[in-house]
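Using the sequences provided together with the hints, build the complete structure.
Residue numbers (our numbering), protein chains in the order written: chain A, 1 to 353; chain B, 354 to 727; chain C, 728 to 1275.
Simulated from the structure, these hints should not be mistaken for lab results.
No experiment lies behind these values; they were computed from the predicted model shown.
Just so you know, not all the hints are guaranteed correct.
Stated by the list, open to error - One side only, chain A facing chain C, incomplete, derived with CB under 8 angstroms:
# : residue
1 : A50
2 : F52
3 : R73
4 : S83
5 : A85
6 : F87
7 : F98
8 : G99
What the hints assert, rightly or not - Quick list of the computed label-pair ranges, beta carbon to beta carbon:
#  : chain 1 : residue 1 : chain 2 : residue 2 : range
9  : A       : E133      : C       : T984      : 18 to 26 angstroms
10 : B       : T598      : C       : G1065     : 32 to 40 angstroms
11 : C       : S1183     : A       : A163      : 26 to 34 angstroms
12 : A       : P317      : C       : Y1014     : 57 to 65 angstroms
13 : B       : A372      : C       : S1183     : 14 to 22 angstroms
For each residue, glycine too, the CB sits at the ideal point set by N, CA and C.
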Amino acid sequence: MVKIDLEGLVREFADGTKIGPIDLNIRDGELLTLLGPSGSGKTTTLRMIAGFIEAEEGSLLFDGQDMVDIPPRERNIGMVFQSVALFPNMTVYQNIAFGPEMAEWSHEKTVERVEELADLLGIRNLLFRKVSEISGGEAQRVGLARALAKQPSLLLLDEPLSALDPQLRERLQAEIRRIQKKVKVTTIYVTHSQDEAFAISDRVAIINDGRIEQVGTPEELYDRPANEFVAHFLGSGNVFSGLVAESSRGNLKIQVDDNWFEIPGEGEIGTEITFSVKPEDVIFSDSLQEDWAQAELVSITPQVGSFKVTLDFSGIPIIALTHDEDLVKRLRVNGEKTIAFSFNTESIIILRN
Amino acid sequence: MMTEYPVRRDPKKVVAVVAIIAVLIVATYGVIAFWKPKFVVYTYSSFMNWGDEGAEVVLDRAFAPFEAEYGIDIDFVILQGDANFIVSRLNAEAANPVADVVIGIDNILILQEAARNVLEPYESQNLALINSSLVDALDPEHYLTPFDFGLVTLIYSMNTINTTTHPQLDYLTLADLATTELASALVTEDPHLSSPGLSFLLSQIAIYEKILGENWTDWWEAVEGNIDVEEGWSEAWSAWSTDSTKHLMVSYGTDPAYSANYLGTEPDTAIAPFYYQNQHWAWMQVEGAGLVKNGPNPDLGKAFIDYCLNSTVQTEIAMNQWMFPVRTDLALPSVFDYAIHPDDVSILNTLLNTTEIVTNLQSWLDEYDTVMTP
Amino acid sequence: MIKQEHWNYVVLAFPIVLLFLFLVYPVVIVIISGLMSGTGSSFIETWSAYNTQFTATFTLIQASVSTLLALLVGIPGGLLLARLRFRGKALIRALIIVPFVLPPIVVVVGFLQMFGSFGIIDSFLMLITQSPTSIVNFAEGFVGIILAHTFYNAPLVMLLVSASMERLNPEIEESAEILGADSVSRFRRITLPHILPALSASAILTFLFCFMSFPIVLSLGNGVYRTLEVQMWNAFRWSDYGEASSLALVQILITITLAITYIKLGRVSENDSGPTSSIRTTRFTRYKLQEKIAILIYLILILVLIGGPIVSIIRAAFFDPIRQVYTLEGFSYLFTAGSTGGLGPLINSLFYGGLATLLSLIIGIPLAYAHRSRTRGIPLLSSTMVLLPLGISSITLAYGLMTVIAVPTGLNINPWPLIVIAQTIIGLPFTARSIEIGLRNIDPNILDQADSLGASRLQRLFFVELPLLVPSILVGAVFAFAMAIGEMSATLFIALPQNYTLAVAIYDNLGVRRFVQAGASALFLVILCVAAFLSMEKISEGSTGGTL
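Below is the structure:
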C-alpha cells in the first residue's frame, strides 16, 4: 500500500559493473515486474529497494519519504527469494509467525494472523511440520505467507518460482496474482521469464545492463516496443533497418538490401529507420508474389495452435507465425526453399534507438 | 488450540538470567575464597606425614591448643615439593604475601638471598628452651627458629645389599659410589629443588674440595649416566622403595628408626655414612620456622613460632617427621636408638664455612647443571 | 546503521580486551620485569650457559625429528583413510582425532604402560625370555619423547591429509593413469602437490606442539632432557626469574612466528577448498599383493604405536607394576575425598573444565563474529588474538598470570580463577575457529530474511543465528572441554594442592609411583574425552578435522 519512486539511483561495484541511473515509479497496489536477462541488474535493484545494498546516488522514496538512512527492518517490507530461505531450525508456524513475533504482537493476534494466511495460501495442514519436511511448492507458499504476515506495505519477490517445474509454476503464478490482488500490497516481482512477467503483472519494466529500457503494460510493450533491445527480448518483433527512399502521405518506402518495404510513418529521405514487425504480421506464401520480398525457409516449429516459421532474409532472421496448416503441409511436402513474404503494414512500429 | 502454538522467549530476559547466574557464581567465589582461614602456614609435602595417623590428624592435635587460645583456624598449605619450592613460591608472592609462617627451610637454604628476602628475623623468647648450638647451626640472625634436626646421609635396604655382599658399605667412599654398580643403584634428589639433595651435593663438594683436594665436578661426570636424580625426597623414596635395582638413597639418618617402627622388629634399613680420615661423616640439617616478611598476621606468626617450641608440638616430631626435635630435653621413642645422632659422626658442614657457601652456592649449582647436561 | 556499528565495536571489543588483560599484558610484563629486575641470571648469562644451549638444541631437534616421524607415519594413514574402503570407516574417522586431544599426561601413562619397563611389550618379552628383569624401556629419554610425540601428532597428519585427499578429484588421477603414469609418479606429480598445503600445515602445527611440549618431556625426560618449557618451569621453581624471562622471550619469538606461519597457511588452503569430490574408494582385496602386505604392516604399526598406548591405559588402571597384582585401588582412589584422595581433583577437573568451556564459548563467539566483520581492522585484530594462545606457551602464560595478576590481587591464596582463565585461553583458538566455520556456512539469505522481517540485531542473533550455530558451538565446546581437562602445564604452575585437577594429580602420582591411581585417573579422562567426541560427532555429523 505504498507508492515507490526511484529517482536516478546509481550504484557501482568494485568489478566495474554499474547499475543505473534508474528512474522508475511504482504505483500503490500494483504488481510491477522487473524483467530482463541474467546479469541485467534486476536483483541488485530489488535489493537496493529493500535496503540491503546502498545506492551511491539518487533517491528512493516510499510515499515521498526518502529511505536512505532506514535499515531494511524498518521499511515494512516482505521478501521472498528464489531459495525461499526458510529458517531451517523452525517449524512452518514459527517461520510465518517470525515477523509478528519480532514485532511483539500478542500471541492471540499472531496465531490469528498465521491461521488467516495459512488458509489464504492453502497450507493450514503444514503448520506444525518442520521445514525439511515440505515440498518446493509448499515452501514457496510458506515463504509468501511469512512475507505477508506483518502486512507489509511492499512485497518483493526475487524469482521465487524459477526452481519449480512448469506446471507448479503456472499454478503458483496464478495464486500469487490472486493473493496480491486480494491483499492489495504493492509488489515488485523479478524474473527473467517473459511468460511469467506477462501473466501476472500490471506493468512490466524491461531492464538491461543496469538501465530501464521501457516500462508499460504487457500489451504496450509487446505492441509498441521502444527499441531494438525490447523488441528482440520480447520476441515481439522482427527488426529491420534501412534507408528512407521515398516519403509520401504518411508512408515511407524503406530500402532494405534490394527490397523495398512500405511502412507508415514520417521521415526524411536518406535517413536510417529501424522498424519492427510482429511475427503474426509477417505474411508469406509458397507461390511467387509480385512486390514481395524473398527469403529462405529455415525451419517450421509447431506450437500450441500455430506454427512458428523461421526464414532467412539475406542473413536477417525473420520469425513468422501462421495458423495455415495446409500451407505448412505443402511447404513440408514440397520441400520448397524459397518463400515470398510481406508485411501487414498497419502494425509496423518504428523503433527509437 | 492456542496452546499448541509455541511462544518465543524474550532474548533480553534470557541474557539477563544468564548474567545474573554469572554474577552469582562470581559472588559466591568471592565469598568462599575470601572467607579464609585467618592464619596460613606454608610447609612442604610429607610434613608430619610419616606417622601412622597422617599429617592432618597430627597437626590438628598438635596445634589445637594454639587455635583455641587465639580463636583462629590454621590453614596448613602443603606445597608439593621440598622446601626450595616454598622459597620460590614466597618470592613469587613477595609483593603481596598470603602466608604468615613457613616451616621447613633449612640451614643451607637460609644462606641463599632468595630465602632471606622473604623472611623477617624474629628472636623467639622460647629459644631458651633449646640448645643454643642448634640456633647457631641454623641461623644466628634468627630469620629461622629451629624446629627439628637430623643428618642427611646414605641409606640402603638390607634386603637387597648388605655389608657381607658389599663390605664397602661400612666404610663408604665416593669412589665406591662412583663404580657403575653402585652408581646405578643410587637415588638422589635434585639440589635445586630438594634440601637433602642440596645437602648431598654440598657433602660431596666438601669431601672433594676439603678432604681429597680434587675437582668436585669429576665425581658427577663419572656417575652422570648411571645415577638417578629425582625431583624431591618423596619421589626418591618411592623410587628407592619400589624399584628393586635401587639399593641406595640419599635420605635421613633416622630412617632405620622408621624402619624398625614400621616392621616392629629390627630395622631392615641401614645407613652408610661416608668414611674418610678414619671417621664417619654426615651432613647436619636443621630445619626451622620463619616469619614471612610482610605477612598478614605478624603477631600471630610470632606466637606461632614460639608455640612450635612447646612440647605439644615437639613430641609429635619424632614419630611423624622422623627427625630429632630441637627440644632435646624431651624423651625419644625407643626406636630412635637405631637412628644416628649428630654426636655419633663428624659433621661435614664444618668443612665448609658459611661465607664460602654463600659466595659459591650459585656457581656450584650452575656448574652442577653444566656437568649433568649430556 | 550507525548505532549498530557502535554495538559491533563494543561486543567485539570485549573479548579483545579480556585477552589483552589476561594474556598479552601479563606475559609482556613478566618477561620485561624478569629481565630487568636483576634477580637471578641475566639474559646473557642464561643463554651462554651450556645447559641452556643444550636445552634449546634438544628442543629444536626433538621437535624436528618428531615432526618428521609424525609425517612419515601419518601420510600413509591419511592416504589409506581417504582411499581404502572398509566397514566402520566413519567410526574410525571420528576416533582418529582422539589421540590428538588426549591430555598429554594421559599419553604418558599409556606410553609407560605400553613401552616402559614392565609395560606390555616388556612383560611380553620378559615372558618369552623368562627374564626376571626389565628388558626394554622405550618410554624414557630421547626415544620415549620422540615416540610419544609421534603418537600424539601422527593422527593430526592423517586427518588433515585425508581431508585434503578427499577434495582431490579422482578423475585427475584416472586421466594420469590412462596417460601411462604408474602409481609412484602419480603420487609424486599429482597427489603430493595437492596435499602439500595440508602437509605443511600439519607439519608446522606438529612442530609447534612438540616445541612447546611440557608434560611428556617433564615425565619422560628424567630431568636430563628438557625443553625450554621445562627449563622455564625449573627456573621459576628456583626463583631465577631472570632465567625464566630470558627463556620465555626467545621461546615466544619462535612460537609466535610459527603460529603466524600456520595461520597464513591455513587461510590460503581455505580459499581453494572445494566441495568434497565423489570419493573413489577401493576395496582392500583389489590391491596388489605387495601393496596388501605393505598396508598390513603399516596397520600393525599403527595399532601398536597409536592404539597400543590408549588400550594399555585400561591395563594401567588395574595393574600395579610394583606389587604385580591387579587391583581396584585406582578406582577407589578416584572416589576418595580428602587430601590423598582423587575425588577432589576429579571435581576440580570437571568444575574448572566446565567453566573454561563456558568462557571459551562466551569469548569465542564474538571473536568468530569479529573475524567475519566487514569493519576495517577488526578481522585482523581478532585473528591476531586467536593466534596468540597458539603462539604463547602454557608455562609462560601461567608465569605471567601468577606474577602479574595473582599476587597483586591476593588471589594466590586460592588461585582457581586463574586456572580457569588459563584453560579458557588455551582452548580459545579451537572454539573460535569452529564457530567461525559455522558462521561461514549460514546462508546469508536467511539472515537477510530475518532483517527484512523486522528482527533487531539481538533478535536475529538469538532466534536465527545461534540456533543454526549450535552444531559448531558444540564442536567448539567439546574441543575446549577436552583441552581444559587435559591441561596440566599451567595448572601445575598455578595450583595449590586444593586446586589440583586430575591431570596434575596424575603427574603427581606418577612421581611417587602410585601407578594404579594414575592409571585409573587417566582412564577416566580418556573415557570422558572419547565420550565427548563421539557424542559430538553424532550431533554435528561433521568434519571435526575442519576445526584445525
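Hint by hint, here is what the structure shows:
no.: 1; hint: A50; in the structure: holds (6 angstroms)
no.: 2; hint: F52; in the structure: holds (6 angstroms)
no.: 3; hint: R73; in the structure: holds (5 angstroms)
no.: 4; hint: S83; in the structure: holds (6 angstroms)
no.: 5; hint: A85; in the structure: holds (4 angstroms)
no.: 6; hint: F87; in the structure: holds (6 angstroms)
no.: 7; hint: F98; in the structure: holds (5 angstroms)
no.: 8; hint: G99; in the structure: holds (4 angstroms)
no.: 9; hint: E133(A) - T984(C): 18 to 26 angstroms; in the structure: violated (52 angstroms)
no.: 10; hint: T598(B) - G1065(C): 32 to 40 angstroms; in the structure: holds (33 angstroms)
no.: 11; hint: S1183(C) - A163(A): 26 to 34 angstroms; in the structure: holds (31 angstroms)
no.: 12; hint: P317(A) - Y1014(C): 57 to 65 angstroms; in the structure: holds (60 angstroms)
no.: 13; hint: A372(B) - S1183(C): 14 to 22 angstroms; in the structure: holds (19 angstroms)
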